[in-house]
Amino acid sequence: MPDIAEAAEKGTTQPIVGRAAGLVLLALLSVVFAFGTDAAPADDSGVWYALPSPDQSNWSSKRLSRYGMLDRSPLGEPMAVIRVPDLEVAAQVYPDVHKEALEAGAAWVSGTTRPGDAGNIAIAGHRDSFFRPLEGIPLGTRISLTTPDGELRFAVTSVEIVDPLDTSPLAPTKTTTLTLITCHPFRYQGFAPDRYIIRAEVLEESTTQADRANSALRTIPAT
Amino acid sequence: MKVIRTATFIAATAISCAAYAAETEYAMTCDEIITKLNREVTDEARARFADLEGSCMGVVDRDGELYMHTKMVVRRVRGNTVTIYLPATDRTFDVQAAGNARVKIGSNRVRVSTLNRGQELNIYLPVDQLTQPIIEQVAFETEVEDEIVVAPAVLAPALPTTG
Numbered sequence: 001m002p003d004i005a006e007a008a009e010k011g012t013t014q015p016i017v018g019r020a021a022g023l024v025l026l027a028l029l030s031v032v033f034a035f036g037t038d039a040a041p042a043d044d045s046g047v048w049y050a051l052p053s054p055d056q057s058n059w060s061s062k063r064l065s066r067y068g069m070l071d072r073s074p075l076g077e078p079m080a081v082i083r084v085p086d087l088e089v090a091a092q093v094y095p096d097v098h099k100e101a102l103e104a105g106a107a108w109v110s111g112t113t114r115p116g117d118a119g120n121i122a123i124a125g126h127r128d129s130f131f132r133p134l135e136g137i138p139l140g141t142r143i144s145l146t147t148p149d150g151e152l153r154f155a156v157t158s159v160e161i162v163d164p165l166d167t168s169p170l171a172p173t174k175t176t177t178l179t180l181i182t183c184h185p186f187r188y189q190g191f192a193p194d195r196y197i198i199r200a201e202v203l204e205e206s207t208t209q210a211d212r213a214n215s216a217l218r219t220i221p222a223t
Numbered sequence: 001m002k003v004i005r006t007a008t009f010i011a012a013t014a015i016s017c018a019a020y021a022a023e024t025e026y027a028m029t030c031d032e033i034i035t036k037l038n039r040e041v042t043d044e045a046r047a048r049f050a051d052l053e054g055s056c057m058g059v060v061d062r063d064g065e066l067y068m069h070t071k072m073v074v075r076r077v078r079g080n081t082v083t084i085y086l087p088a089t090d091r092t093f094d095v096q097a098a099g100n101a102r103v104k105i106g107s108n109r110v111r112v113s114t115l116n117r118g119q120e121l122n123i124y125l126p127v128d129q130l131t132q133p134i135i136e137q138v139a140f141e142t143e144v145e146d147e148i149v150v151a152p153a154v155l156a157p158a159l160p161t162t163g
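Sequence lines, in order, name chains P and L. Note that this note's numbering gives residue 54 to position 54 of the first sequence, counting from 1, and the numbers run on in steps of one. Note that this note's numbering gives residue 30 to position 30 of the second sequence, counting from 1, and the numbers run on in steps of one.
Since the hints were derived computationally from the structure, they do not count as laboratory data. Be careful, since some hints might not be right.
Claimed, not checked - Covered, in the sense of this in silico footprint (three residues per stretch, anywhere, with C-beta under 8 Å from a C-beta of chain P), are these stretches of chain L:
hint	segment
1	68-78
2	85-91
3	112-124
4	148-162
For every residue, glycine included, the Cβ atom is placed at its ideal position computed from N, Cα and C.
Input sequences plus hints: build the corresponding full structure.
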């Protein structure tokens, strides 16, 4: 293959530069592909549950270490994404409370209403990682819960501290309610003795697949 | 004279080793028991004992039965009924302790009824329980050295533990 100087003399630089640029582009695409196939896709991946990397500045060293070593592949796709924009909280929600789910994000408490359905949706998270910014959350703070079917929006209506043996926060509710659970006190060393319960009520601006279907039906002209 | 000194040294070493073995008293190591369980236990049971590796503090033999030394967190005490969170299982249990059940705090053995909410203490878990669908027994110490008393345990409803 002639080098660029030779090719320039012969007036044939354009195809060689083009090939080199193509190789560089291919290499760049390979890098993007390699990092873009992680189970926790970057925000620009287009997947509905994609999130940017979490802000870990307030995480405990134990959580940081476990998050770094976590094998996400057995977790599969999350069932929802929870966001509290004012507190910069964003976490994927995995089904059932277990160790890996809580290390990877938040966990839906089985036996309560599934995210997207009507009722009491309970979600747990670690106080020393994803849910740490929730300490002192003001009433009225907006929370969103995104599922493949749409987005539910909530406003915080109460915050209370309960005994872990008090399971009343998991009881069914007549309205669609979001119940967030984490351990309390937030900076307790060891197994925290209490639970921090945040209740939020659904707002009318929520959109779900059912809402969109109803809306589409309403736009069909009468014949 | 030299032979006597050597024999005395060997005898002393043997006695020391025996005393050390008796003092450590562990029948198996945690690694051994976890390896054994990983071979024998179902995926479902392994999921229930997700924190087992971090929770096993030793394995002792009492009257031919193996018990895992592990941690409990006291959630509530009502007489001899104590509600405990077992990190090894990530579950909460109501335990009906016998009158002679004791928990060692430092060098003292205290009655279960005198425990306080939030205390993190040691308890014994019968090793055969690790392969059962649900834990039905835990074990306490008694006032007698090296004696263990088993207590029935029932799963208790509780909010998730999140660190």
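key: Violations among the numbered hints, reported as their numbers in ascending order   = Of the numbered hints, all hold.
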